[in-house]
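Oh and the sequence shown: position 102 is 102 in full-length UniProt numbering, straight run, nothing missing.
Simulated from the structure, these hints should not be mistaken for laboratory data. There may be inaccurate statements among the hints.
[Claimed, not checked] Derived DEER-like restraints, expressed as beta-carbon distance ranges:
{"#": "1", "residue 1": "102", "residue 2": "74", "range": "37 to 43 Å"}
{"#": "2", "residue 1": "8", "residue 2": "73", "range": "18 to 24 Å"}
{"#": "3", "residue 1": "78", "residue 2": "105", "range": "36 to 42 Å"}
{"#": "4", "residue 1": "13", "residue 2": "84", "range": "39 to 45 Å"}
{"#": "5", "residue 1": "113", "residue 2": "78", "range": "50 to 56 Å"}
{"#": "6", "residue 1": "73", "residue 2": "1", "range": "26 to 32 Å"}
{"#": "7", "residue 1": "62", "residue 2": "92", "range": "40 to 46 Å"}
{"#": "8", "residue 1": "69", "residue 2": "1", "range": "37 to 43 Å"}
{"#": "9", "residue 1": "4", "residue 2": "81", "range": "37 to 43 Å"}
{"#": "10", "residue 1": "87", "residue 2": "53", "range": "29 to 35 Å"}
{"#": "11", "residue 1": "81", "residue 2": "101", "range": "28 to 34 Å"}
{"#": "12", "residue 1": "1", "residue 2": "95", "range": "51 to 57 Å"}
{"#": "13", "residue 1": "7", "residue 2": "31", "range": "24 to 30 Å"}
{"#": "14", "residue 1": "62", "residue 2": "86", "range": "34 to 40 Å"}
[To be verified] In silico DMTMM-like cross-links for lysine to aspartate or glutamate, where the CA-CA straight-line distance does not exceed 20 Å:
{"#": "15", "residue 1": "89", "residue 2": "101"}
{"#": "16", "residue 1": "89", "residue 2": "72"}
{"#": "17", "residue 1": "94", "residue 2": "82"}
{"#": "18", "residue 1": "89", "residue 2": "99"}
Quick reminder that beta carbons are idealized off the backbone N, C-alpha and C, glycines included.
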Amino acid sequence: MVLQVRKLYAASRPYIFVFIARPESINEPNGVSRAFVSPLLRDAIGPGLHEFTNQLHQYATQHARQRVPNQDTIIAINKEVEDARRAAKVAEEKLAEVERERVQLAARVATLEARGPV
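Whenever a hint applies, use it, and build me the whole structure from the sequences.
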């Protein structure tokens with residue numbers, strides 16, 4: 001994408017500022033962000049450009065922290081899901097056991113009814 005922005009700048013020389021970072025990775029140690037500032041805009045902003053870009057990066061980082069769950073949250077969610085799956089399996093096994101008992105009782109009732117009155 002930065003290559004396309006550079007081509008755009010080469011073609012028409014506009015003011016351009018592009019900041020690219022993925023919310024899922026911006027807070028990771030190996031996460032990266034990219035910025036492109038056209039030379040014309042770099043001249044217009046002047047010496048405060050580095051501070052401006054760093055501030056923008058901080059805004060994005062803070063926003064990503066609020067929206068993207070951290071590893072502890074993910075682990076807790078995965079544990080809840082696994083616990084719920086286990087509970088559902090136990091409930092299914094109990095339901096199957098109750099159904100087997102129902103079938104056995106229905107068969108017993110049918111046998112008794114086939115004998116006739118006592």
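Evaluation of the provided hints:
1. 102 <-> 74: 37 to 43 Å: 42 Å, holds
2. 8 <-> 73: 18 to 24 Å: 39 Å, violated
3. 78 <-> 105: 36 to 42 Å: 41 Å, holds
4. 13 <-> 84: 39 to 45 Å: Violated: the Cβ-Cβ distance is about 58 Å, outside 39 to 45 Å.
5. 113 <-> 78: 50 to 56 Å: 52 Å, holds
6. 73 <-> 1: 26 to 32 Å: Given range 26 to 32 Å: holds, Cβ gap about 30 Å.
7. 62 <-> 92: 40 to 46 Å: For residue 62 and residue 92 the Cβ distance comes to about 44 Å; the hint holds.
8. 69 <-> 1: 37 to 43 Å: Given range 37 to 43 Å: violated, Cβ gap about 27 Å.
9. 4 <-> 81: 37 to 43 Å: Taking Cβ atoms as reference, residue 4 and residue 81 lie about 41 Å apart, which means the hint holds.
10. 87 <-> 53: 29 to 35 Å: 50 Å, violated
11. 81 <-> 101: 28 to 34 Å: 31 Å, holds
12. 1 <-> 95: 51 to 57 Å: 54 Å, holds
13. 7 <-> 31: 24 to 30 Å: Holds, since residue 7 and residue 31 (Cβ atoms, about 26 Å apart) stay within the stated range.
14. 62 <-> 86: 34 to 40 Å: 37 Å, holds
15. 89 <-> 101: Status holds; Cα separation ~18 Å.
16. 89 <-> 72: This hinted pair is violated, its Cα atoms lying about 26 Å apart.
17. 94 <-> 82: Given that 20 Å is the threshold and the Cα spacing comes to 18 Å, the pair holds.
18. 89 <-> 99: 15 Å, holds
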